[in-house]
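> Sequence:
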Amino acid sequence: MFIKNLFEKGKQVVSFEVFPPKRDDDLDKLYDTINELKSLNPDYVSVTYGAGGSNRGKAVEIVSTVKNKIGIEVMAHLTCVNSTVEDIKIVLDQLKNAKIKNILALRGDPPMGSVNFTKTIGGFGYASELVKYISDNGDWSIGVAGYPEGHIENRDLSRDVDFLKKKIDNGGDFVITQLFFDNADFYKFRDLCVKKGINVPIVPGIFPILNYKGIKKSTELSGAKFPAKLNEILEKNQDNPDEVEKIGVEYSSNQAIDLINNGVDGIHLYTMNKSRQIKSIYDNIKNVLKRI
Numbered sequence: 000m001f002i003k004n005l006f007e008k009g010k011q012v013v014s015f016e017v018f019p020p021k022r023d024d025d026l027d028k029l030y031d032t033i034n035e036l037k038s039l040n041p042d043y044v045s046v047t048y049g050a051g052g053s054n055r056g057k058a059v060e061i062v063s064t065v066k067n068k069i070g071i072e073v074m075a076h077l078t079c080v081n082s083t084v085e086d087i088k089i090v091l092d093q094l095k096n097a098k099i100k101n102i103l104a105l106r107g108d109p110p111m112g113s114v115n116f117t118k119t120i121g122g123f124g125y126a127s128e129l130v131k132y133i134s135d136n137g138d139w140s141i142g143v144a145g146y147p148e149g150h151i152e153n154r155d156l157s158r159d160v161d162f163l164k165k166k167i168d169n170g171g172d173f174v175i176t177q178l179f180f181d182n183a184d185f186y187k188f189r190d191l192c193v194k195k196g197i198n199v200p201i202v203p204g205i206f207p208i209l210n211y212k213g214i215k216k217s218t219e220l221s222g223a224k225f226p227a228k229l230n231e232i233l234e235k236n237q238d239n240p241d242e243v244e245k246i247g248v249e250y251s252s253n254q255a256i257d258l259i260n261n262g263v264d265g266i267h268l269y270t271m272n273k274s275r276q277i278k279s280i281y282d283n284i285k286n287v288l289k290r291i
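Here the sequence shown stands for residues 0 to 291, numbered as in numbering that gives the first Met the number 0.
Quick caveat, the hints were computed from the structure, so don't treat them as lab data.
Each hint should be verified, as a subset may be incorrect.
No farther apart than 20 Å at their CA atoms in a straight line, the calculated lysine to aspartate or glutamate pairs in the EDC-like style are these [as the list claims (entries may be wrong)]: (1) Lys278 with Asp241; (2) Lys118 with Glu72; (3) Lys10 with Asp42; (4) Lys245 with Asp264; (5) Lys273 with Glu249; (6) Lys187 with Glu231; (7) Lys228 with Asp238; (8) Lys131 with Asp161; (9) Lys10 with Asp184; (10) Lys98 with Glu35.
Everything numeric in this text was worked out from a predicted model, so none of it was measured.
Whole structure, please, built from the sequences with the hints as guidance.
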């Protein structure tokens with residue numbers, strides 16, 4: 000099924016994101032996690048690449064298994080990092096052979112150890128170029144990334160939304176946002192998108208706070224603002240992981256409920272390959288979700 004068609008049914012689409020484990024030995028553990036999340040009846044699961052575009056083949060294997068064996072609709076991530084056009088074509092062919100119809104097209108982060116993104120010779124330098132190539136080479140449903148606070152390399156939100164508009168104009172069907180912790184930033188971003196003529200579904204990405212060090216690292220890498228009051232509470236409890244998790248689940252649940260009540264097109268949860276905590280969040284929000 001094309002993910003873009005899910006939004007036409009008038010419901011709020013629920014999706015979970017997972018990533019390939021570093022070790023092949025942990026693949027079964029990942030599949031166990033996905034099977035546990037299946038009980039929540041997600042509309043689809045998205046699978047990232049590894050850092051710097053690594054684990055490309057493993058990601059294709061995982062999306063194929065999730066769709067064809069576990070039985071959940073999937074979306075494969077595809078980035079420009081360390082990829083020529085020919086590399087991208089090979090991956091598209093592999094996805095077609097695995098009956099995958101949905102792709103999240105990203106420029107991608109710089110490889111580990113690099114500060115700035117460098118275009119691969121024979122590849123693409125912008126996500127909009129990748130979107131255009133995918134759109135021109137097959138029948139796909141294409142998701143693109145949005146940045147409610149602006150991209151870490153471009154804090155001019157208006158200009159960043161102009162870049163997003165180009166991705167949509169080149170074939171993007173829906174938007175999934177990067178993590179954020181202040182819903183006011185999302186609403187401002189959504190309003191600006193509408194003002195600039197972006198009329199596709201915009202789904203907020205929720206990043207659960209599962210441990211203190213992990214969330215600090217994630218916000219540093221993404222550039223997302225972290226509420227001072229929340230940081231203060233977490234810092235006081237950083238040596239009590241159970242309490243940090245409890246606070247995090249409650250915060251993420253309340254954040255999602257507010258978004259749902261304000262008419263978002265769906266909720267995308269960054270699972271960090273965890274199921275128990277994601278189940279807790281889902282249990283907290285399921286009664287306000289519009290799921291048909």
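> Hints first: check each against the structure and report whether it holds.
Hints, verified against the model:
1. With a C-alpha separation of about 16 Å, the suggested pair lysine 278 and aspartate 241 falls inside the 20 Å cut-off, and the hint holds.
2. Proposed proximity of lysine 118 and glutamate 72 is contradicted: the alpha carbons are some 31 Å apart, above 20 Å.
3. A threshold of 20 Å between alpha carbons decides the hint, and for lysine 10 with aspartate 42 the separation of about 10 Å falls inside it, so the pair holds.
4. Proximity of lysine 245 to aspartate 264 is assessed by CA-CA distance (about 27 Å); at most 20 Å being required, the pair is judged violated.
5. For a cut-off of 20 Å, the pair hint linking lysine 273 to glutamate 249 stands: about 16 Å separates their Cα positions.
6. Restraint check for lysine 187 and glutamate 231: not satisfied, since their Cα atoms lie roughly 26 Å apart, outside the 20 Å limit.
7. For the suggested pair lysine 228 and aspartate 238, the alpha carbons sit about 18 Å apart, so the restraint of at most 20 Å is met.
8. At roughly 16 Å between alpha-carbon atoms, lysine 131 and aspartate 161 fall within 20 Å of each other, so this suggested pair holds.
9. For the hint pairing lysine 10 with aspartate 184, the CA-to-CA distance comes to about 23 Å; that exceeds 20 Å, so the pair is violated.
10. Proximity of lysine 98 to glutamate 35 is assessed by CA-CA distance (about 23 Å); at most 20 Å being required, the pair is judged violated.
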